[in-house]
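Q: Please take these sequences and the hints and turn them into a complete structure.
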Amino acid sequence: MEVNEQIAVDHGLKPDEYKKICDLLKRVPNLTELGIFSAMWNEHCSYKSSRLHLKKLNTKGKKVIQGPGENAGVIDIGDDDAIVFKIESHNHPSFIEPYQGAATGVGGIMRDVFTMGARPIANLNSIHFGSTQHKKTKNLLRGVVKGIGGYGNCIGVPTIAGQTCFDQSYNGNILVNAMTLGLVNKNKIFYSKATGINKPVIYVGSKTGRDGIHGASMASAIFDDKIEEKKPTVQVGDPFTEKLLLEACLELMSDKSIIAIQDMGAAGLTSSSIEMASKGNLGIELHLDKVPCREEKMTPYEIMLSESQERMLIVLENGKEDSAKKIFDKWNLDFAVIGKTTNTKNIELYFEREKVANVPIKFLANEAPMYDRPWKKTKLPQKIKFSNNDFKKLKFNDVIKKMISHPNICSKQWIWEQYDHTVMGDTIQKPGGDAGVVRVHGTKKAVASSVDSSASYCHAHPFTGGKQVVCEAWRNLVSVGAEPIAITNCLNFGNPEKKENMGEFVECIDGINEASKYLNFPVVSGNVSFYNETKDKGIKPTPTIGGVGLIKDYKNLMTMKFKSKENLVLVIGKTEGNLDQSIFANVILDEKKGPPPEINLFNEKNNGETILKIIKEKLALSVHDVSLGGIMIGALKMCIAGSKGIKFYKFKNLTNIYQYFFSEDQGRYIIEVEKNNLKKVESILKKNSVHFDLLGETTDKEIIINDEPTFTVDKVTEFYKGWLYKYMS
Amino acid sequence: MNSSVIIFPGSNCDRDMDVALKKFGFKNKMVWHDDDKLPQSDLIVLPGGFSYGDYLRCGSIAGKSKIIQSVIDFANSGGLVLGICNGFQILTETGLLKGVLQQNKNIEFICKNIFVKVNNSENKFFENIDKDVLELHIAHNEGNYFCTEDELKSLEDNNQIAALYCSSDGKVDDKSNPNGAIKNIAGIFNEKKNILGMMPHPERMIDQSLSGEDGSIFFENLLKNLK
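Chains as they are written, first to last, in my numbering: chain G, 637 to 1365; chain D, 77 to 303.
Treat the hints loosely; a few may be bogus.
Below, simulated DSS-like cross-link-like pairs (lysine-lysine); rule was C-alpha separation at most 30 Å, straight line [claimed, not checked]:
# : chain 1 : residue 1 : chain 2 : residue 2
1 : D       : LYS98     : G       : LYS966
2 : G       : LYS691    : G       : LYS998
3 : G       : LYS782    : D       : LYS229
4 : G       : LYS1191   : D       : LYS259
Don't read these hints as lab results, they were simulated from the structure. Predicted, not measured: the structure shown is a model, and the values here were computed from it.
A: Right, dumping it as structure tokens:
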């Protein structure tokens, strides 16, 4: 087939991009070459709309071993141990085919981690669905949860934490972001940069099929009425093969055979081979008829663009082929020498002895388009003036019930009970806490991790929202007693060709960056997902932040459970009573406007560090950060977790009980302390100039407000845990 | 005491079991599915996981693997065999234990703490155990035990039911049955009581910092009984 502009456009390229390809090559590409260009130059692989802005991110820190640009980021946790981690989106495929889309998302991110030589030790996920009233939501939720579980459970990596949100802006574009943490010896990390000429290039793992062809292009386009037709572009996951691949790769990595290794993710063999060669400034020669295929008569074009899962590309030291093959034979996996590194700096493809493609690698990597897209600033919305009339009709007990059973607040036990969260025998904080925590096997150390997003805040004011998500991740780690170290980000946005969407992206990044710098909480890995848009309707800007922190002695793990009755409960950080953009304003008052709560980074850092100090001095019995739903929801969650009640003291200063209990002012924590430790805690707080209020004291079962009993903890637990089970039954 | 844990491709609780056995004093060896001989052992363990991907019926391919004939011979000569989760499924597939494990009644994977009541303590596994209700952990998609009426009768007549799902105070009722298993059966023995298959994972409950410690009671007691 003769290539022309129309065929290029059908491949997702713009006419001027096609012209640039012809200019660079000084000829018209053949179909295979065009396919390779389209795969490398699409948004998903080239980051052409985001690269310019991603460069600004704060990626350096004392504990950062590897920042963005590799398969995953790496941080130092002491004693030669390092944690490899990354979050990645699988939004588009999950909307088209929820089970396989979510499953392969989990598989893909785990491969990114073990490619670097790390054994995966924990999975997390952040999933966003449309309104609970939308007809597709239930099926999508069920399918995604089954897919995530189906893959992670089979591999035997615990899923330790996650986040689930419902909002109508995701009606046509759900988000599935999967994160994996792996453990590696910091002197035995593997990278994707190929070095040396005439080194064998090895294909291992599953056979190549026709699934997932153009997957990356699909993920770089908006949806229309014909999305059902895109089902064949979704890959099919095989967790069993991935488990074998994991064990085989780790076995091969225990000696010194591997020069470079790269998993075949988006754009399969194309991007993996080009990436390895490009990083090493080399050429690469591949013989495509040697690629193990599971379907007949696959063409070079199909082989290069297939996104079949569970495959890896390895550049091996000369002479190590036989010993390496033995390992893959033992695990019953395909192993084929399919080419070699060269000094041509071109990618050269052969099929049945004929040369079928020859393109300079720099055209595909360095020369990929980069756009400085126009973007629009979002003005800070005006504050809403709530009047007392707004609250008059409300009944406090009804509000509590509605809030604690709201889909975005209620327990997600229905979800995480379907994930194996205890396999590997090191999970010391299971899902449902502020962060998941796993021990570093065989040591005293533990690693804490959480995922967060705050799309409503980001939608109202992207810059503040971007800052807020980073702070939220920081607080979640602090709450379990972990020292926050670094983050990974998954940037889910609408169409970058629209200046409003592009503006949201730019300003969220600025916000993330500011908080990340101030808190010394660098970004070490991440991914961008644009075009989350269906028929012109984009999602709310949703940067998802995955945070990782270290607990030096796992025995000092902190939890949110109230421990016993008659202890004091304190709120750390100042309650201003801002209801704008709170879930209370949205759900109870139906007020969706206004600015998000302000972020004061000084207080954020100071309050967090002071909490860590109180935990270290063993003065706190339980800790929980205040987030969605404010003090009331925060305190009730602690009651529910510990099966205790609370008697709230009369509040001072604020005129309105709703503002006091439901405002989402930032930088706050709730802690439980023994009465005779109050003086010591007070003195630490005062010494660090941290504002605090006495909130109340724990009781046996009753929840008492203004001296009046409201609910028992058992009743509130029923509201909290019941909603999702009922919804899904 | 010497133990051996069999690793099938797709096993994923093999390391957890190895850690647990060693913690309580077993000298444990790992055995690859493609071997044909077992090392000298006082206990053979088939661990949890997804052997061969469980793409056919759970445990069915493992039930035909190379090592399994040695396990069958070992069991038939009176050796102690323990199958946990996928290991239990494999034991039913080999015919060493009766019945089958179907998909959970709610057709969902379930991962949570549950309680089981030890139903028969006249055997090497539970003899002298000082607690008859244990809090253990399940993590499975196919743990819904089923057998024919005749089989059930013979299990009951021979006292082969090892453990039953129950409430925290030992009440065996529908509410405490997590997966729909017939008669709340969580684990069974063979006739001679030298083979135990059960869905709950004692190896995940061996440390206060984990979900709980009742798994420790199981392993400590087992070791004592073997000495």
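Q: Each hint: holds or not?
A: Going through the hints against the structure:
1. For the hint pairing D/LYS98 with G/LYS966, the CA-to-CA distance comes to about 27 Å; that is within 30 Å, so the pair holds.
2. A threshold of 30 Å between alpha carbons decides the hint, and for G/LYS691 with G/LYS998 the separation of about 20 Å falls inside it, so the pair holds.
3. Restraint check: the Cα-Cα separation between G/LYS782 and D/LYS229 comes to about 36 Å, which exceeds 30 Å; the hinted pair is violated.
4. Distance check on the hinted pair: G/LYS1191 and D/LYS259 sit about 40 Å apart at the alpha-carbon level, beyond 30 Å; violated.
In terms of the numbered hints stated before, the structure departs from hints 3 and 4, listed from lowest to highest.
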